[in-house]
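Make the full structure from the sequences, and use the hints.
Listed below, chain by chain, are the residues.
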Amino acid sequence: MSSTAEIQTGVAEILEEVAGVAPADVSPEKSFTDDLDVDSLSMVEIATAVEDKFGVAIPDDELGNIKTVGDAISYIEKNQG
Amino acid sequence: MSTSTADVVVTGMGATTPLGGDVASTWEALLAGRSGVTRITDDWVKDFPAQLVARLAVDPAEQIDRVRARRLDRSQQVAVIAAEEAWRDAAGATSGVDPERIAVVFGTGIGGALTLLGQDDILEQKGPKRVSPHTIPMLMPNGPAAAVGLAVGAKAGVHAPVSACASGAEAIRWGMDLLRFDRADMVLVGGTEACVHPLPMAGFAAMRAMSTRNDEPGRASRPFDKGRDGFVLAEGAAALVLERADAAKARGARVYARLAGAGATSDGYDLVAPHPEGAGGARAMAAAIKDAGLTAADIGHVNAHATSTPMGDTAEATAIHGTIGDHPLVTATKGQTGHLLGAAGALESVFTILALRDQIVPATANLDDPDDHVAVQSLDIVRREPRRASFSAALNDSFGFGGHNMALVFTTV
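Here the protein sequences come in this chain order: V and R. FYI, this note's numbering numbers position 4 of the first sequence as 4, with every residue one higher than the one before it. Residues are numbered in this note's numbering as their position in the second sequence, beginning at 1, plus a constant of 1000.
Hints were generated in silico from the structure; no laboratory data involved.
Cβ-to-Cβ under 10 Å is the rule here; a few derived chain R residues that face chain V:
no., residue
1, Asp1065
2, Arg1066
3, Val1067
4, Arg1068
5, Arg1070
6, Arg1071
7, Lys1129
8, Arg1130
9, Ser1132
10, Pro1133
11, His1134
12, Pro1137
Taking lysine-lysine pairs in the PhoX-like style, the calculated list, with each CA pair at most 20 Å apart, reads:
no., chain 1, residue 1, chain 2, residue 2
13, V, Lys53, R, Lys1129
14, V, Lys67, V, Lys30
15, V, Lys78, V, Lys67
16, R, Lys1126, V, Lys53
17, V, Lys53, V, Lys78
Using N, Cα and C, we set each Cβ at its ideal position, and we do this for glycine too.
Structure, rendered in structure tokens:
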């Protein structure tokens, strides 16, 4: 189990790798598309990377509900094994 | 349409090639006689008959941002690098041309082969869920044109001719037509290729099309030479910015040359074998010269397609000899660059334009002992070192598997 802070750091690492987002710009209230400029294909890549890193499954219908970094963190916290 | 508005000129050039990461370094290396060919040392190559390649002199990672690069196939990366150089060179961004009047025509012979093959490995090893969502836009053959269009914000249309090794030249002709038909005011054209991978290497080798002179990389690509035994696969891209002459003049653009005419034909003979007398190529050359309003006597220089294959070079020599004559200074630059497939016609157009500008014809590398064929013996093929000459019109040939023939005529302004 990762802590909330560890999850946020992990999500920030993925965002930097996939979309070139600076880790300092990543905070729970930020929207992936509106604030961090992540396009839809990159969002799919990020979801796959999150699945690998945190051992969670993100079905497509759940992915649509993940709008902000905070949404991703809560989803991971709820679903990690 | 008046003749003046149909006059098309070249106002920008870009390239990244086995000889250099831009136009200037590539041209300098070409005139200095340097070779871009090396022997592959990866483990996979040990059972391959042909082990030579002409890789990019400058890795795209040094010229393009990491995050941007990971969404682009290597063929798209080099296309964007060459296109952005040409765009800067033409001062396209500050030209004031309406984006809805800017078009892109960018060809490739093979397309995103590295992505297709790389993602297939992932599919086999990890399953469908791990295949990248960027796979399709990276492998589609219009991908390079689309990436270039996005880079410059072109909204008048993005087109991607695919005609194997004639693709780059076909893109230039297509761009010229868009301007002649007033469908755009500025067109960024070019060709790209990056498919150095075991599969294309094995495929070309199985056709017996590649040189197996593995112990002498720098001497392997030898157009028109008696000892030639095939081409050397190369990667890279080249781009031109085309505009109508009056518009270029009005905005004070620097003009390199006039793209005076183009000719396109198809062999209707065989899917891959060249017509023995290069009949389709000859018709393309004649058409281009006529389109330019010139006669064969006006052509002072020919940049030949000559890839160093036994059949192709003599067929082209026959066509040049019969259609243009023996007066032009002929060169075949693939002796140093290798064969850039879908980028070849664009890169060799850059060389043709620079030859016109500098009034110098690069030497044909490794042409130690010209083929005994009567046409090769008759032509004035520049060898050993570049030759200075005075000429105002030059022709660039490009031919592709599938029987595609392109000829482009450039003139001084």
